[in-house]
Amino acid sequence: MNAAKIPAACAPWVRTRLRTAPGISAALAVLVFLTAFLAAAFPRSVDAYETQALRHDVTTASPGQSVLEVTTLPPPLGQAPSVREAAMREKALASAHGALIGALPDPVRADVPASSYGVHTTKPLVADEPWLPRPDALPPQLTYAAPSALPDHSTLRSGRWPEARGTVTLDTREVEAAVTEETAAELKMKPGSTVTVPTQKGTSLTVRVTGVVAPSRPESGYWAVDPLLRAPSLIRDPGSPAPVFYWRATLLLAQDTGPALLATTGEPEMYWRLAPDASGLTAADVPALETGIAAVENGPGLLELRDIAGPNTTLTTGLDAILGAYSSMRTAIGPVVMVAAVGIGAVAAVVLLMTGGLIGARRHHELALLRSRGGSLRGIGGRLLAETAVSVVPAAALGLAAAVLLVHEARFRPALVGAALVAALVCVVLPLRTALHHRRPMLHGARDDVMSARPSRRRTVAELTVLVLAVGAVAALRRRGTSTGSEGDLLVSSAPVLVGLIAALVLVRLYPLPLRLAARPVARLRGAVGFLSLARAGRASSSGTLPLLALLIALTTAAFGGSVLAGVADARDEASLRTVGAEARISGEGGPAPVSGGLLRQVRETEGVTDVAPVRIEYGTPLAASAAVRSDTERVTLVGVEPESYARLALGTGLPAFPTSALGDGPGKALPAVVSPGVARLLGDRPHTVRSEAGDITVRVAGVLPRTSAVTDSEFVVVDAKRLARPGATTLLVTGSSLDGQRLRAAAREAGPEFAVRLRSAERDRFTDTPMQSGAERIYGAAVVAGAGYALLAVLLSLLQTAPERTTLLARLRTMGLTTRQGRRLLASEEMPQALLAASGGLVVGWATIALLAPGIDLGALALAGGDPSAGHTASLRADLTSLALPAVGVVVLAAAVAGVQAWWASRRGSIKELRAGDTR
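Each residue of the sequence shown is one higher than the one before, starting from 279 at the first, in the numbering used here.
No wet-lab data here; the hints were simulated from the structure. Even glycine gets a Cβ: it sits at the ideal position worked out from N, Cα and C. All clues given are correct.
What follows is a list of derived Cβ distance ranges for each label pair:
(1) 735 with 676: 42 to 48 Å
(2) 691 with 523: 57 to 63 Å
(3) 889 with 1178: 48 to 54 Å
(4) 408 with 436: 21 to 27 Å
(5) 985 with 417: 49 to 55 Å
(6) 691 with 740: 32 to 38 Å
(7) 447 with 523: 35 to 41 Å
(8) 373 with 494: 21 to 27 Å
(9) 1133 with 885: 41 to 47 Å
(10) 358 with 592: 22 to 28 Å
(11) 740 with 1094: 40 to 46 Å
(12) 1015 with 517: 52 to 58 Å
(13) 1052 with 460: 35 to 41 Å
(14) 967 with 872: 22 to 28 Å
Straight-line Cα separation of at most 27 Å, DSS-like style, residue types lysine-lysine; simulated pairs:
(15) 401 with 466
(16) 1000 with 947
(17) 369 with 401
(18) 479 with 401
Construct the complete structure from the given sequences, taking the supplied hints into account.
Right under this line is the structure:
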């Protein structure tokens, strides 16, 4: 007879725990959700902005650089004419076009609608028609192309579309063509115009214009790879000693008329222009993309292309250069972003450990009772693991799902690994840390505080090991920097974290000393609050390294991220100022043009303009008299200024003060000049004659400036414009706030078409034109916010861990006559030493970290990738006071606020619960 089923004696452990303390499980789940979201969103965000940057670079590059152009010669003369003609016909070209697209190695893909093919002549042919324009008595030279799908890429403006009449062969003597509107306007062509093309047999081929078309998308590869398809160009004759020009243009023959070009002397060739399709490219495809392009340019892929198009097939493209520039920027920005990722990851891990410590401390007596009743460490750890996993695993999964939904076009596996690491850290470390704390019996009431704790030898060895690692990381970062491809070097990227860890260990060791020194004089005072607060601060647990470590790493990460953003902003401001010289610059584009008084008045009356400095700039001025100028004579930029307005300009833009008095009258007839250091070394102390546009002038060095507003990076000589033979200004340097760019441009247009306006704000925007830069900046902004948030969370966790003990203390002291105000002062004074230690330590450590790592942090790619690489701008890391001070002040304010709220709350509650008999708190 089977025994009856005996019901369970008690409810399941996990369900009981979740019902008993749902708030703790919910709070842990929320923290895990946020941390898992950050851990999953970071790699996806990096993938997303790198993918967007790759597509941006490919799609915004000029088609002449990005298109893969396949060309081949027609069959040789030894072949039969029918064979040569068949290779040039539409059917053969279209078949080869499809085969070439299919032969591209993955992930190199072609954008079929944007691709084209056809036949064109490679050698321009002279057109002797008398009605064609001849700028310098030279006839135009024309090329002829028979592109595919002309009606799909243009709009007919007049006439009709060209057609192939019958079967076009070598013997065809007339074909039809179209021209674009710009070509028709410049070369005086219209429907019905004819052009005679010489052939190899001495006869002529007549090309009849039947229509005028307008390109639908002039910027597309169909028109932009060969600009002559869209518009004619004036070309200087290289064989003429004098500068004479002639027109170059292209006539667009009807499709399937390519065989007629075989008879001409234009050396025709077949071409296929394959526009790259960037819509499906991702950052992970870059290595395969580079390999594939190399294969079709000069590798086995080219052999396959030659099997399709012919033995003389070649492929040319600038896509490999685009990918090289992209990879260089990615390599430069990646390590800088990794520094922020390691810092946030470290502080998140520490905060999770603190959360586990808080939960373990709250359940200390419960687990000690289980241990005393025979519970094994394995059993206790298993139950803790089960109840932790019930709330942590779903929270981590939700964080992963949120990251996947919010950040698109990124790999899933790195995000999964990040969220899984967060869940594993909490599920394993929290039960393990709590269970191991009860591996041996502990005496109740034994002191374990910072005043009496003595570090063990193991701890000393561990701290020395961390110190060696920190020194090595800082040295490696300073020596190698972040621009040498050290993206995957975690030791270098963890340098700020290691510096914060060392600082936390040092501060914990030094923390008892000021407490002991302060406790002695305070003990002699009449009030008890000061002595009690210092005594309570000294009785804090010696395991307080963890909260302090979290605070220091969080504050250091926030300060580092804020300093990176500040350094980027400063670099862009500096670079834009070097380029423009003021908030706005108005000058002639083609050459120096005199500025009229009307333009000067209009600019001064424009809204937002506070001052205008008119200057005369003469570029390439030889440092020699007119008779002594040679090809190797040193040349500088001569600048004539109004000393007073130019000095105000220097003051307003933050440049070195301009020495106005140096341009005053001096001995002799030499003009006093303020020069650059290089010019000062060349001229010396004696007067020197230089050649200006108005003749020779004699100058002497009266002052030296490292840089000046009117000149960007060249050597300069600044003199008083009134003492020049031609004092008229050629450039206006404008200062002011919120300048009206439209009104400035309107004033410049009224003054003449040669004047242009350059705004400093527009130049600054050029440095942020790539998704990779903006994406990296967003990550650093998130790092600042996350670092500050984790710092505040670490303060809250630290205060919550000791909240029950402080509540009991207040209840006991109230029975002895402690007032509510004194209770608030006591709690605030008790927390202030640790809060001030963390805040001041965070300030010092953040500043020291930035000072130590600044020589190795390269912000050039992050700040100035959109600018001119030859400009020589610098982008260095500097300490940002706001990023250093704001989180530190927030820590102190939060600690004081929490202490005050706790004292107020404790004063409103009764003391029965805290003072019940047998409570050992």
